[in-house]
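Protein chains: 2
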Amino acid sequence: MPDSRRKARLWIKIDLGEGRQIGPGKIALLKAIAEQRSIAGAARSLSMSYRRAWLLVDEMNRDLGSPVVETRVGGRGRGGARPTPLGEALVEEFEAITKAAEKGAQPGLARLLKRSKTV
Amino acid sequence: MPDSRRKARLWIKIDLGEGRQIGPGKIALLKAIAEQRSIAGAARSLSMSYRRAWLLVDEMNRDLGSPVVETRVGGRGRGGARPTPLGEALVEEFEAITKAAEKGAQPGLARLLKRSKTV
Chain R
1 MPDSRRKARL WIKIDLGEGR QIGPGKIALL KAIAEQRSIA GAARSLSMSY RRAWLLVDEM
61 NRDLGSPVVE TRVGGRGRGG ARPTPLGEAL VEEFEAITKA AEKGAQPGLA RLLKRSKTV
Chain U
1 MPDSRRKARL WIKIDLGEGR QIGPGKIALL KAIAEQRSIA GAARSLSMSY RRAWLLVDEM
61 NRDLGSPVVE TRVGGRGRGG ARPTPLGEAL VEEFEAITKA AEKGAQPGLA RLLKRSKTV
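Line order of the protein sequences matches chains R and U.
So in our numbering, spot 8 of the first sequence is number 8, and the numbers just go up one at a time.
So in our numbering, spot 47 of the second sequence is number 47, and the numbers just go up one at a time.
Worth flagging that the hints you see were computed from the coordinates, not collected in a lab.
Predicted model, so just to flag it, every value in this text is computed and none were measured.
Each hint should be verified, as a subset may be incorrect.
It does not matter which identical chain is used: a pair holds within one copy or between any two.
In silico EDC-like links for lysine to aspartate or glutamate, alpha-carbon gap of 20 Å or less [stated by the list, open to error]:
#: 1; residue 1: Lys103; residue 2: Asp58
#: 2; residue 1: Lys114; residue 2: Asp15
#: 3; residue 1: Lys103; residue 2: Glu92
#: 4; residue 1: Lys99; residue 2: Glu88
#: 5; residue 1: Lys13; residue 2: Asp63
#: 6; residue 1: Lys13; residue 2: Asp58
#: 7; residue 1: Lys114; residue 2: Glu18
#: 8; residue 1: Lys31; residue 2: Asp58
#: 9; residue 1: Lys114; residue 2: Glu95
#: 10; residue 1: Lys7; residue 2: Glu95
#: 11; residue 1: Lys99; residue 2: Asp58
#: 12; residue 1: Lys114; residue 2: Asp63
#: 13; residue 1: Lys114; residue 2: Glu92
#: 14; residue 1: Lys99; residue 2: Asp15
#: 15; residue 1: Lys7; residue 2: Glu35
#: 16; residue 1: Lys114; residue 2: Glu59
#: 17; residue 1: Lys31; residue 2: Glu18
#: 18; residue 1: Lys31; residue 2: Glu59
#: 19; residue 1: Lys31; residue 2: Glu88
#: 20; residue 1: Lys114; residue 2: Glu88
#: 21; residue 1: Lys31; residue 2: Glu92
#: 22; residue 1: Lys13; residue 2: Glu95
#: 23; residue 1: Lys114; residue 2: Glu102
#: 24; residue 1: Lys7; residue 2: Glu18
Next comes chain R alone, as it looks inside the complex (with noise of 0.2 Å):
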């Protein structure tokens, strides 16, 4: 049943309207500053440069009204960063969104699936 391992997938934004657009790029990186502790840490684990990912955590702090993210200086001598609650409520609300869409998405992925010949 070779069909049966084929599997379509969504890959979704959520446009808040105005230009903000929260997309996996930005949750990925709050959930490597989630587990790195620090935002230079993160982007590193995401092959990104520091300015990248310092621009994309302004933006989501922008884009949110509030930051998603809190930085704090020192401690042993190097500064830190973890996302706040409104962060850590974003990536919680992304994967629900992106899990609910596929599942709603489901039927009409199997269909054009089904229809699509290759593989």
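Following the hints, position chain U against chain R.
Relative to the frame of chain R, chain U by itself:
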């Protein structure tokens, strides 16, 4: 009630696996071809180069394993193009999938919008 006018949307691409992606750009092109009855006209109406439009059509033909657009030469001195039944089905399924996905995502999107304080 300013909040009632705010609306979060999803921006969705379908990933059929193996690098095969169908997104809003390709679907808009198929719809423009159906309307303009030519690839050149569709490209023009979307401010897209003819080469780009042709490449996107070619990519969809390969993604789906069968042509999504049929072209014809001649006929009052000019060629023409239109979506095949598969191309028409692709547009319909894409629209059904994105609609179902947005419906599934709506509760989460509403929660997220409520949390985002800007606008």
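A quick look at each hint next to the structure:
1. Lys103 with Asp58: neither (32 Å within a copy, 30 Å between copies)
2. Lys114 with Asp15: Classified as between; 14 Å across copies, 30 Å inside a copy.
3. Lys103 with Glu92: both (16 Å within a copy, 18 Å between copies)
4. Lys99 with Glu88: Classified as within: same-chain Cα gap 17 Å, cross-chain 27 Å, threshold 20 Å.
5. Lys13 with Asp63: Cα proximity of Lys13 and Asp63: one copy only (14 Å, versus 22 Å across).
6. Lys13 with Asp58: Intra 18 Å, inter 26 Å, cutoff 20 Å: intra-copy only.
7. Lys114 with Glu18: Between copies only: 16 Å across, 37 Å inside.
8. Lys31 with Asp58: Within one copy only: 15 Å inside, 37 Å across.
9. Lys114 with Glu95: Result: close only across copies, 17 Å inter versus 27 Å intra.
10. Lys7 with Glu95: For Lys7 and Glu95, the Cα distance is within 20 Å both inside one copy (18 Å) and across copies (19 Å).
11. Lys99 with Asp58: neither (26 Å within a copy, 31 Å between copies)
12. Lys114 with Asp63: between (39 Å within a copy, 13 Å between copies)
13. Lys114 with Glu92: Answer is between: at 14 Å across copies they meet the 20 Å cutoff, but 32 Å inside does not.
14. Lys99 with Asp15: both (16 Å within a copy, 15 Å between copies)
15. Lys7 with Glu35: Answer is neither: 29 Å inside a copy and 32 Å across each miss the 20 Å cutoff.
16. Lys114 with Glu59: between (40 Å within a copy, 18 Å between copies)
17. Lys31 with Glu18: Answer is neither; intra-copy 25 Å and inter-copy 26 Å both fail.
18. Lys31 with Glu59: Close inside one copy (16 Å), not across copies (34 Å); limit 20 Å.
19. Lys31 with Glu88: within (8 Å within a copy, 39 Å between copies)
20. Lys114 with Glu88: Between copies only: 15 Å across chains, 38 Å inside a chain, cut-off 20 Å.
21. Lys31 with Glu92: Cα proximity of Lys31 and Glu92: one copy only (10 Å, versus 35 Å across).
22. Lys13 with Glu95: Intra 11 Å, inter 16 Å, cutoff 20 Å: intra and inter.
23. Lys114 with Glu102: Only inside one copy: Lys114 and Glu102 sit 17 Å apart there, 22 Å across copies, limit 20 Å.
24. Lys7 with Glu18: between (33 Å within a copy, 10 Å between copies)
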